[in-house]
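Asks: Listed here are the chains, written in short residue letters.
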Amino acid sequence: MNPTDFTIAGALAALNEGALSSVELTGAYAKAIEQLNPRINAYITPTLDQAMEAAQASDARRARGEAGPLEGIPLGIKDLFCTAGTRTTAGSNILGSFVPPYESTVSGNLLRDGAVFLGKLNLDEFAMGSSNTTSAFGPVENPWSRANDPSKRLVPGGSSGGSAAAVAARMAAGATATDTGGSIRQPAAFCGIAGIKPTYGRCSRFGIVAFASSLDQAGPVARTVEDCAILLRSMAGYDPKDSTSANLPVPDFAAAVQRGVKGLRIGVPAEYTLPGMPAEISKLWEQGLAWLRDAGATTVPITLPHTKYALPTYYIVAPAEASSNLARYDGVRFGLREAAKDSDLKDLYQRTRAKGFGAEVRRRIMIGTYVLSAGYYDAYYLKAQKVRALIRRDFEEAWASCDAIVTPATPSAAFGMDERQDDPVKMYLNDVFTVTANLAGLPGLAVPAGLDAQGLPLGLQVIGKPFDEETVFAVGHAIERAAEFRALPQLRAAA
Amino acid sequence: MSLDAATVRRVATLARIRVEDAEVEKLQQELNGILGWIEQLNEVNTDGVEPMAGGSPLPASAMPMREDAVTDGGIAEKVLANAPDREGEYFGVPKVVE
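First to last, the sequence lines map onto chains A and B.
Number 381 in my numbering belongs to position 373 of the first sequence; there are no gaps in the numbering.
Number 44 in my numbering belongs to position 35 of the second sequence; there are no gaps in the numbering.
Calculated directly from the structure, the hints in this document are not laboratory data.
All values reported here derive from a predicted model rather than from experimental measurement.
No residue lacks a Cβ here, since even glycine has one placed at the ideal position from N, Cα and C.
It is possible that some hints are incorrect.
[To be verified] Using 30 angstroms as the maximum straight-line C-alpha spacing, the simulated DSS-like pairs for lysine-lysine come out as follows:
#1 Lys35(B) <-> Lys39(A)
#2 Lys349(A) <-> Lys87(B)
#3 Lys270(A) <-> Lys249(A)
#4 Lys104(B) <-> Lys349(A)
#5 Lys363(A) <-> Lys87(B)
#6 Lys434(A) <-> Lys363(A)
#7 Lys434(A) <-> Lys104(B)
#8 Lys354(A) <-> Lys87(B)
#9 Lys104(B) <-> Lys354(A)
#10 Lys249(A) <-> Lys473(A)
#11 Lys35(B) <-> Lys473(A)
#12 Lys87(B) <-> Lys316(A)
[What the hints assert, rightly or not] Rough simulated footprint, nothing fancy, chain A against chain B, three-plus residues with beta-carbon under 8 angstroms:
#13 19-31
#14 34-46
#15 54-67
#16 71-84
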């Protein structure tokens, strides 16, 4: 067995028993990254020398009896989390040489608990994208490929494409990710792994490069639901540095994984059956519900009437917030500066931002600027905030008849790197099943549940009540256990 | 409603993004594609609906207040460490006052 075959739970047990050291485990991941990263491009900045030093320090802590809950576990960090002294790019040229002087709260929590960082993971620029093709540091390749067309390079999904591809290819035991409209769940589904976006406020946003502040949430991706639960417990927690951070105790999520689903009512929203949805996806969804009934749950039809308006609402709210958040990139205080010889200050701003931002980011900033501009604010932004309130209300009413909701995670399996790049709106439709949880602030988990006819992974999504990640984990694990998902991608460590 | 080329240029100026003449037409097309799709929200009756501000799933969750006190400072070197044009303890910019 290669050390990279361990789940996080399995590696922690082996480390505790002394059957494995963090130096051995981290060394195996470092080797995998050296072998696979030139092809997969999951890491923008691997930090392997630092990782080996951190692994030695971790083994020494364990020997002294000071092991933390994640002691010695090698993780990848999405390059949207500021890491003190390590370049943090957000996948953008405008932050291409930015070295944060401080640590994000979430990554700091992981370090506090003993984790070892392998490096910074690729993503869509400023987390804006669903295919990881908008990164200024090149696209990430999905480690999976189609059985009938193995040379076709597929996207890992996005924006957390580097996180999902690294975990699937065993270039990290787990990874941090963020989710604004589906950026944890869609890549997790495309790469055959698990990932959870917790309730808004569960994880601090301090030190995460901001995209859309009322939607952004950090969460983990990992190979199993249990591993996600272990990681989330370390990542989550109240932080006075984020005024939207929830001042609530963090439950033992890993204990909840084993709760079972007996007696739970699983909501099945009518509106998530889309015209033209592939039969494989509907079949998988039905199968997932049947598994949950077999495990003692009941399934109940529910209605979320404003679902079809979720994506258009998102594409007003998110660009509006992004246009405001990204105003800070001015070429003066940090990041790229671009100026002509005779530039005045305004010209310096305009040249810096034209050169530093990629096409999708420029597009979204302009949409956001337009919907917030004088005369259009009420028609677009205020209208979207009202529809958003109705979307949240749909869920509040649904909770009267169910304890969790199960839907497909994505409307398709992973697609080719050259597909869907010509029309922004077509790309946005990837998030049709995931974006509602962001708008309503609810926890959502993607769990691998099967393969399509070409051998590509497909996922199901579990949505839960506010701050009830425990039920989400229990339902996710019940699906995982019944699915017995054992398939592995063609590209992976020690394959 | 549909954006004309002049509006695309005006929005770009508001957003402080330089747009070359050759880019305007494609940008206009893409932005109009997105805005046209967004306009389906007009079908939704939102009379009397309180707009949702912030991302909390719990309605009426209040922003906490903290003591108005200085919590850091004396870190000029850290603040200036990533400045593209640093002049002593200041950020450098092109001359703005004649």
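Asks: Would you mind marking each hint as holding or not holding in the structure?
Replies: Hint check:
Straight-line distance between C-alpha atoms of Lys35(B) and Lys39(A) comes to about 45 angstroms, which puts the hinted pair past the 30 angstroms bound. A C-alpha spacing of about 29 angstroms is found between Lys349(A) and Lys87(B), which places the hinted pair at or below 30 angstroms, so the restraint holds. This hinted pair does not check out: Lys270(A) and Lys249(A) have alpha carbons roughly 39 angstroms apart, beyond 30 angstroms. Taking the CA atoms of Lys104(B) and Lys349(A), the gap is near 12 angstroms; set against the 30 angstroms cutoff, the hint holds.
Pair hint Lys363(A) plus Lys87(B) holds up; C-alpha atoms about 26 angstroms apart against a cutoff of 30 angstroms. About 26 angstroms separates the Cα atoms of Lys434(A) and Lys363(A), which keeps this hinted pair within 30 angstroms; it holds. Taking the CA atoms of Lys434(A) and Lys104(B), the gap is near 45 angstroms; set against the 30 angstroms cutoff, the hint is violated. Taken as a hint, the Lys354(A) and Lys87(B) pair is honoured in the structure, with Cα atoms around 26 angstroms apart against an allowance of 30 angstroms.
For a cut-off of 30 angstroms, the pair hint linking Lys104(B) to Lys354(A) stands: about 11 angstroms separates their Cα positions. The straight-line distance between the Cα atoms of Lys249(A) and Lys473(A) is roughly 25 angstroms, inside the 30 angstroms bound, and the hint therefore holds. Taking the CA atoms of Lys35(B) and Lys473(A), the gap is near 43 angstroms; set against the 30 angstroms cutoff, the hint is violated. A hinted pair counts as satisfied when its Cα atoms are at most 30 angstroms apart, and Lys87(B) with Lys316(A) does not qualify at roughly 46 angstroms.
As drawn, the stretch 19-31 of chain B meets chain A at 9 residues by the rule of a beta-carbon pair under 8 angstroms; at three or more, the given contact holds. With 7 residues bearing a CB less than 8 angstroms from a CB of chain A, the stretch 34-46 of chain B meets the requirement of three and the coverage assertion stands. Given a C-beta distance limit of less than 8 angstroms, the hint that chain A covers the stretch 54-67 of chain B holds, as 11 residues qualify and 3 suffice. Under the rule that three or more residues need a Cβ within less than 8 angstroms of chain A, the assignment of the stretch 71-84 of chain B holds, with 4 such residues.
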